[in-house]
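Participant: Just so you know, the protein sequences line up as chains X and G, in that order. Residue numbers for the first sequence follow this note's numbering, beginning at 193 and rising by one. Residue numbers for the second sequence follow this note's numbering, beginning at 168 and rising by one.
For the record, the hints were derived by calculation from the structure and aren't laboratory data. Do not take every clue at face value.
With a cut-off of at most 20 Å between alpha-carbon atoms, the simulated SDA-like pairs for lysine to any residue come out as follows [stated by the list, open to error]:
hint, chain 1, residue 1, chain 2, residue 2
1, X, 379, X, 435
2, G, 424, X, 580
3, X, 489, G, 169
4, X, 278, G, 168
5, X, 489, G, 168
6, X, 489, G, 445
7, X, 431, X, 335
8, G, 424, X, 584
9, X, 379, X, 333
10, X, 498, X, 515
11, G, 276, G, 382
12, X, 489, X, 458
13, X, 464, G, 538
14, G, 190, G, 218
15, X, 465, G, 538
16, X, 498, G, 237
17, X, 489, X, 444
18, X, 278, X, 453
19, X, 498, G, 172
Small disclaimer: the values here were computed from a predicted structure and weren't measured.
The primary structure of each chain is shown beneath.
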Amino acid sequence: MDFRWSAEDEAFREEVRSWLKEHLVGEYAALGSGGGPADETGWDVRLEWEKQLGEAGWIGLGWPKEYGGRGASITQQLIFNEEYAKANAPARVSFFGEGLLGPTLIAFGTEEQKQRFLPGILKCKELWCQGFSEPDAGSDLANVKTRAILDGDEWVVNGQKVWTTLAHHSDWIFAVCRTDPEAPKHKGLSFILLPMDQPGIDVKPLKQLTGSAEFNEVFFTDARTSADLVVGNINEGWKVAMGTLGFERGTAFLAQQLHFQHECEQVIDYAKKQGLSDDPIVRQKLADAWIGVQIMKYNGFRSITKMLATGSPPPEASISKLYWSHWHRHLGELEMELMGPWSEVLAGPNYELEEFQSSFLLSRAETIYTGSTEIQKNIIGERVLGLPREPAAS
Amino acid sequence: MNFAFSEEQEELRRTVRAFLEDKSSSAEVRRLMETEEGYDPAVWEQMGSQLGLQGLAIPEEYGGSGYSYVELIVVLEEMGRALLTAPYFSTVALAANAILHSGDDAAKKELLPGIASGETIATVAMTEDNGRWDAEGITATATKSGDGYTIDGHKMFVLDGHTANLIIVAAKTGDNISLFTVAGDAAGLTRTPLATMDQTRKQARLEFSATPAKLLGTEGEGWPVLSRVLDLAAVALAAEQVGGAQKCLDMSVDYAKVRVQFGRPIGSFQAIKHKCADMLLEVESAKSAAYYAGWAAAELNDELPTVASLAKAYCSDAYFHAAAENIQIHGGIGFTWEHDAHLYFKRAKSSQLLLGDPTYHRELLAQRIGI
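Based on the sequences and whatever the hints tell you, model everything.
Facilitator: Encoded structure:
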């Protein structure tokens, strides 16, 4: 056991720090770290900032050099994310391209697809959204009904996606579509890339309970895309989509932990300033929140160690999402409790939320997206503990 | 960045596990828990002379093998898993730590070799009838008498207090607290074993009446030493709890795979599967906390007091929850005396309250992080 980083890694950390110090100024610095994949606060500024990151080569850090990445080690990616969070730099806008589609193309795409799409992601010139969920395909993702039919040298797509984060800002969508309705449900799917700017695609914002609309419904009516824009083999899209979901658990968790730790410290400061921290029950709750966020860090250290040894996250890493989402939900409830009657008073008209209010409300999405709590527990029960699967419904 | 045990530490784990599977089987635990002394002298002797477990983290100059606290928590985790019924926690986690951190070189030379070899069973007598784990709870007094001291008062809930040859007593000298060593057979010491709900960990009541005692460390400076010992012991206990919690999860998962109701293994029902997933999350998180605390204890760094309370609070609740769910998942059979589930459940409860309950440690933590 040793919690120190190597001299080489520390040198890399210094490089990240000095770049951030030089470039994170003015309106970029003023923005802070607010916003997120499902929160478009300061969108235009974040987009400009992301382009700067791309120019400097900080996007696609861990991608292989042959595809324009830096080929950075897992440790270096962790350090970059950690320093980025410490610097309170803007929330990233290219998550779906950099974090999901890029790695998917590198693993499953053709050489032409890689050459065509990876540079746009690396320079933040093309933004992507993820077309997986549908009204009848949430936790049961393989129940996708959106239909793609090959018509000459084009796919023709009809159907509907939902919960499509940032679709209204995106240039492209990667969508799981049904290409063989006769095959068993996991076996008739394909992973298809479509341009968003076309008459066959209609994006309707889905106003969520926070009052804003980062999610969308995406409707396909004879939408078209080139026949060669299927990733992996036709009807083998399930394997590709599962690969994509595997990339969701990347190297961002130290940064995320820091973000949560920062929020926890804000809560503690708030309690002190409001004179609430002398109350023994409040003290218990604050200590409990703090314990939770520290354990998140220790769990992260253990996962990193295993990742460094094996190259991929250990099965136990699946507890991480379950852990942080529920911890954050509790913290949001504590924030409301500490604010007391002020928790009801909004920051301004048009349902403008205070930070704690926003956190409290958004946390209800976190136990649902990227695999709900219940699905996570099934995965843990079956894949980590080896418990028998539920008999399939007839 | 490396948060894993070394190959040597994993080897130590395998050795200790194999030894305990042999010497601390369910039948042995049950045999020993019915006895008043609560340990097998032959096994204790083997642990000391053959495996060197008592002296593992004692420096070589005092007869130990000089390993770190990280090795110690590996051993304690295995002991928790096997519900080892022996005075190891009291002797090593409490008494040896107290002597090691007393700053009393003469006492270290005199007392540690006996602990390391397994000859000495030792304990720390701190708590009294008030059940408190802080300095204010200590009311027994020590008075200077000739070259030494005499102690008056009582101690309660003393782990293995009736079998220890060496007792480290916390008593008041004026307004402050000092530590003393008292021989198990000292004059004026009356020791009464307690009948306890958790029969795998023995406790005693000690009455002192002008009992001769020898100062350990410096007069009036006992509390800072004791406070550090309580932190180190909390880390040790957290490791024990992790071992017990993992065993409860293993028992539950094994049973859920084979117990059939409604024509299918109960583990295929989400009601059971999700319970097990929750237990895994807590057991893994408890491991992270206990191991990290073990590292802080090995380094004796500034983080130790906070992570000790953190680990004690979290691992206590994780173990109790796992032990309670283990009974629930087993259903009726889990409520029988014959099944081991109750042994873990009772150990989990006694450990949760030992050294201060989770509420106490969360409060301590709040103070330690400046809330």
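Participant: Take the hints in turn and mark each one as holding or not.
Facilitator: Evaluation of the provided hints:
Distance hint between residue 379(X) and residue 435(X) is fulfilled; the C-alpha atoms sit about 15 Å from each other, no more than 20 Å. A C-alpha spacing of about 7 Å is found between residue 424(G) and residue 580(X), which places the hinted pair at or below 20 Å, so the restraint holds. Using a Cα cut-off of 20 Å, the hinted pair residue 489(X) and residue 169(G) holds, with the two alpha carbons roughly 13 Å apart. At most 20 Å may separate the alpha-carbon atoms for a hinted pair to count; residue 278(X) and residue 168(G) meet this at roughly 19 Å.
Distance restraint check for residue 489(X) and residue 168(G): the Cα-Cα separation of roughly 13 Å lies within the 20 Å cut-off, and the hinted pair is therefore satisfied. Note on residue 489(X) and residue 445(G): the hinted pairing holds, with a Cα-Cα distance of about 19 Å set against a maximum of 20 Å. Between residue 431(X) and residue 335(X), the direct Cα distance comes to roughly 14 Å. Compliance with the 20 Å bound is thereby established for this hinted pair. At most 20 Å may separate the alpha-carbon atoms for a hinted pair to count; residue 424(G) and residue 584(X) meet this at roughly 17 Å.
Taking the CA atoms of residue 379(X) and residue 333(X), the gap is about 12 Å. The hint holds against a cut of 20 Å. Note on residue 498(X) and residue 515(X): the hinted pairing holds, with a Cα-Cα distance of about 18 Å set against a maximum of 20 Å. For the hint linking residue 276(G) to residue 382(G), the alpha-carbon distance of about 15 Å falls within 20 Å, and the restraint holds. With a C-alpha separation of about 18 Å, the suggested pairing of residue 489(X) with residue 458(X) holds against the 20 Å cut-off.
Between residue 464(X) and residue 538(G) the alpha-carbon distance is near 7 Å, which keeps this suggested pair within the 20 Å criterion. About 13 Å separates the Cα atoms of residue 190(G) and residue 218(G), which keeps this hinted pair within 20 Å; it holds. A C-alpha spacing of about 11 Å is found between residue 465(X) and residue 538(G), which places the hinted pair at or below 20 Å, so the restraint holds. A distance of roughly 19 Å separates the Cα atoms of residue 498(X) and residue 237(G); the hinted pair therefore holds under the 20 Å criterion.
The hinted pair formed by residue 489(X) and residue 444(X) meets the criterion: a straight-line CA distance of about 12 Å does not exceed 20 Å. Pair hint residue 278(X) plus residue 453(X) holds up; C-alpha atoms about 11 Å apart against a cutoff of 20 Å. Pair hint residue 498(X) plus residue 172(G) holds up; C-alpha atoms about 11 Å apart against a cutoff of 20 Å.
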